[in-house]
Amino acid sequence: MSSTLVLAQLLNGLQYGVLLFLLAAGLTLVFGIMSFVNLAHGSLYMMGAYFAATAFQYTGSFGLAVAAAMGGALLLGLVLELAVVARLYRRDHLDHVLATFGLVLFFNELVRIVWGSQPVFLQVPDLLSGAIDIGGFSYPSYRFAIILVGLAVAVGSWMLINKTRVGMLIRAGAVNPAMVAALGVNIRLLNAMLFAVGAMLAGLAGAMAGPILSVQSGMGESVLITTLVVIVIGGIGSVTGAFYAALIVGIVDTMGRVFLPLILRQMTERSFADAAGPALASMLVYLLMAVVLAWRPQGLFPANR
Amino acid sequence: MKLLLSRPSVWVPLLVLLLLASVPLVAQAIGETFYIAFFARIIIYAIAACALNIALGYGGLVSFGHSLFLGLGSYAVGLAAFHGIGSGWVHLLVCLVACGLVGLVTGAISLRTSGIAFIMITLAFAQMGYFLFVSLKAYGGDDGLSIAMGSRFGPFDLSSATNVYIAAFVVLVLSLWWLARLRVAPFGMVIRGARQNLRRVNAAGIPARRYQLLAYVISGMLCGVAGLLLANLNAFASPSTLAWSVSGELIVIVVIGGLGSVFGPLLGALVFLGLEEALKGVTEHWMVIFGPLIVLVALLGKRGIVGLLEHFDARAPVNVSTTVPIAENAAIDATSTARKTT
Numbered sequence: 033m034s035s036t037l038v039l040a041q042l043l044n045g046l047q048y049g050v051l052l053f054l055l056a057a058g059l060t061l062v063f064g065i066m067s068f069v070n071l072a073h074g075s076l077y078m079m080g081a082y083f084a085a086t087a088f089q090y091t092g093s094f095g096l097a098v099a100a101a102m103g104g105a106l107l108l109g110l111v112l113e114l115a116v117v118a119r120l121y122r123r124d125h126l127d128h129v130l131a132t133f134g135l136v137l138f139f140n141e142l143v144r145i146v147w148g149s150q151p152v153f154l155q156v157p158d159l160l161s162g163a164i165d166i167g168g169f170s171y172p173s174y175r176f177a178i179i180l181v182g183l184a185v186a187v188g189s190w191m192l193i194n195k196t197r198v199g200m201l202i203r204a205g206a207v208n209p210a211m212v213a214a215l216g217v218n219i220r221l222l223n224a225m226l227f228a229v230g231a232m233l234a235g236l237a238g239a240m241a242g243p244i245l246s247v248q249s250g251m252g253e254s255v256l257i258t259t260l261v262v263i264v265i266g267g268i269g270s271v272t273g274a275f276y277a278a279l280i281v282g283i284v285d286t287m288g289r290v291f292l293p294l295i296l297r298q299m300t301e302r303s304f305a306d307a308a309g310p311a312l313a314s315m316l317v318y319l320l321m322a323v324v325l326a327w328r329p330q331g332l333f334p335a336n337r
Numbered sequence: 003m004k005l006l007l008s009r010p011s012v013w014v015p016l017l018v019l020l021l022l023a024s025v026p027l028v029a030q031a032i033g034e035t036f037y038i039a040f041f042a043r044i045i046i047y048a049i050a051a052c053a054l055n056i057a058l059g060y061g062g063l064v065s066f067g068h069s070l071f072l073g074l075g076s077y078a079v080g081l082a083a084f085h086g087i088g089s090g091w092v093h094l095l096v097c098l099v100a101c102g103l104v105g106l107v108t109g110a111i112s113l114r115t116s117g118i119a120f121i122m123i124t125l126a127f128a129q130m131g132y133f134l135f136v137s138l139k140a141y142g143g144d145d146g147l148s149i150a151m152g153s154r155f156g157p158f159d160l161s162s163a164t165n166v167y168i169a170a171f172v173v174l175v176l177s178l179w180w181l182a183r184l185r186v187a188p189f190g191m192v193i194r195g196a197r198q199n200l201r202r203v204n205a206a207g208i209p210a211r212r213y214q215l216l217a218y219v220i221s222g223m224l225c226g227v228a229g230l231l232l233a234n235l236n237a238f239a240s241p242s243t244l245a246w247s248v249s250g251e252l253i254v255i256v257v258i259g260g261l262g263s264v265f266g267p268l269l270g271a272l273v274f275l276g277l278e279e280a281l282k283g284v285t286e287h288w289m290v291i292f293g294p295l296i297v298l299v300a301l302l303g304k305r306g307i308v309g310l311l312e313h314f315d316a317r318a319p320v321n322v323s324t325t326v327p328i329a330e331n332a333a334i335d336a337t338s339t340a341r342k343t344t
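One line per chain: the protein sequences are A and B, in this order. The opening residue of the first sequence carries number 33 in our numbering; numbering runs sequentially from there. The opening residue of the second sequence carries number 3 in our numbering; numbering runs sequentially from there.
If you are wondering where the hints come from, they were derived from the structure by calculation, not from laboratory data. Glycine included, every Cβ here is placed at the ideal spot set by N, Cα and C. Be aware that a few hints might be false.
[What the hints assert, rightly or not] Derived DEER-like restraints, expressed as beta-carbon distance ranges: (1) G162(A) - A140(B): 39 to 49 Å; (2) A140(B) - L37(A): 27 to 37 Å; (3) G148(A) - G156(B): 24 to 34 Å.
[What the hints assert, rightly or not] Over 12 Å on every C-beta distance to chain B, these chain A residues come out as not near it, computed from the model: (4) L71; (5) H128; (6) G309.
Turn these sequences into a full structure, and let the hints steer you where they fit.
Right, here's the structure in full:
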């Protein structure tokens with residue numbers, strides 16, 4: 033195992049983790065504050081990727097593609113909030129699961145109708161198509177860009193929540209929405225905006241992931257479930273927890289897929305290693321979650337309440 | 003008899019059962035054997051939904067991972083048949099042991115949490131199973147595993163759709179009878195009580211978590227039996243049985259039918275799969291209609307079909323209502339908020 037391979041996989045893991053954070057940040061805000069289970073978050077990510085691909089196809093500008101993904105997902109989030117989600121806040125989790133499950137089916141089929149069942153391609157922008165050289169080791173600059181965007185969003189959301197008035201209201205709303213509403217804050221509007229911002233982050237994640245994954249129907253589901261794992265590990269409702277957990281899950285998953293089969297092959301006989309390695313690697317994050325929960329049911333970094 | 007006829011919530015499900023009993027005969031007579039396989043699928047989904055209803059409806063445990071047990075049941079047949087074991091008794095034993103053990107371990111971990119976390123953890127365990135079977139290349143990986151011979155229970159062989167139909171129908175009737183008994187048995191009372199107010203059950207000196215775990219395990223084992231039947235019907239064990247959408251479908255079936263009711267899962271499966279089939283006939287993109295329908299079901303509340311039928315019941319005594327009254331839900335919401343703030 034060469035050190036460059038380890039470094040490359042570490043960066044890949046970081047990049048995946050950052051992408052997971054973009055999804056987890058929006059999802060955990062909605063979870064933590066409105067205690068709403070949004071399985072359609074993955075669909076917003078998928079729609080973001082499709083919006084970006086379409087915008088890129090017409091304009092050829094990656095910047096516009098990202099803007100279209102974020103704006104489109106924001107609008108879609110607002111529409112969903114007003115039409116469906118807002119009616120369900122006061123109901124129990126089963127209703128949330130049911131409604132958003134229906135939405136997932138709807139969006140998966142919708143993109144098949146609009147864009148067809150073949151994957152759509154989104155190119156890496158020319159500016160970022162090269163590689164960056166760090167001491168004889170080169171790494172694609174686009175993936176670096178993803179890491180930077182993710183870190184910027186992490187810092188931005190931390191500032192928003194901990195340093196601004198809106199953030200204060202968000203935190204207060206998480207603890208006691210009735211009291212915040214009684215103080216004259218339009219909690220309805222706050223909820224809608226928060227849901228829409230979460231959707232926008234999902235759209236951004238979709239646009240960023242577009243060039244490195246294939247944009248296709250159902251692409252949101254596997255990443256959604258990994259995001260749920262991130263949130264459970266990090267502690268529901270905690271954005272900081274989501275950040276650390278996203279990085280842990282991203283790195284564990286990426287490193288596990290590459291190195292677990294190699295390690296097993298050295299420790300056990302080849303036929304067993306070849307069968308068990310990939311199986312164990314793909315289950316690794318779920319095992320991690322099970323262990324974390326058996327140890328700390330509230331997650332590693334629970335929100336302070 | 004008059005009492006029976008005045009209560010649609012009783013005679014409609016019984017009529018459905020009667021009609022289901024006649025399906026193989028009618029299908030043979032008109033030569034449309036396709037219907038045997040189609041209704042066998044409905045019955046098998048109804049069994050799985052009955053199983054889920056023990057955890058979800060009676061126990062209030064929103065398990066989003068019951069496809070795990072459906073898949074384990076399927077692979078109990080698939081793996082045994084792959085290694086040349088054709089005995090249905092062995093298949094059943096493997097299925098029950100596997101589902102029981104997996105249910106015990108995953109249930110024990112999942113039940114350490116509640117609410118949203120419980121939903122997500124059960125989902126994650128099912129995903130774990132999904133990836134396990136996808137990556138087992140020796141057993142077909144994501145292509146699935148063909149089953150050359152059905153489960154043989156002595157002279158009774160599950161290799162024809164009609165035989166699977168008969169077996170599934172018997173299992174369904176037994177499950178319904180048992181579920182009706184379970185609802186009012188002390189065990190059923192405890193898990194239904196824990197659904198409404200966990201603390202009060204604990205305060206009464208009953209270890210509620212242990213009862214919930216047992217309910218989860220039983221629920222998983224019965225769901226495994228549905229998986230065993232499904233594998234025999236399709237002559238195929240596929241990892242797609244463990245996909246998360248299957249868990250979602252099972253939840254939708256239970257809710258459409260009537261949460262916590264005895265006959266709800268049966269009526270739910272009939273309507274769900276029937277509607278699916280009808281919409282498939284209208285358009286290839288049937289899910290674009292089906293998805294919003296599910297959203298609508300969620301928005302309209304969840305007394306389900308059984309709740310609707312009970313609405314037409316004449317002078318039905320209040321205390322034999324088989325669905326969850328709205329007030330109960332409010333109580334659950336109240337307890338969950340109370341738990342959150344403490």
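12 Å Cβ clearance of H128(A) from chain B: Answer for H128(A): violated, closest chain B Cβ roughly 8 Å.
Non-interface claim for G309(A): all C-beta distances to chain B beyond 12 Å? It is violated; G309(A) is separated from chain B by about 9 Å at its closest Cβ, not greater than 12 Å.
Is it true that the C-beta distance of G162(A) to A140(B) lies inside 39 to 49 Å, as the hint says? holds, 42 Å
Would the non-interface assignment of L71(A) survive a Cβ cutoff of 12 Å against chain B? Answer for L71(A): violated, closest chain B Cβ roughly 8 Å.
Quick check: does the Cβ-Cβ distance between A140(B) and L37(A) fall within 27 to 37 Å? Since A140(B) and L37(A) have Cβ atoms about 28 Å apart, the given range 27 to 37 Å holds.
Could you check the hint for me, namely that G148(A) and G156(B) are 24 to 34 Å apart, CB to CB? Since the Cβ atoms of G148(A) and G156(B) sit about 52 Å apart, the hinted range of 24 to 34 Å is violated.
Violated hints for the displayed structure, listed by number in ascending order: 3, 4, 5 and 6.
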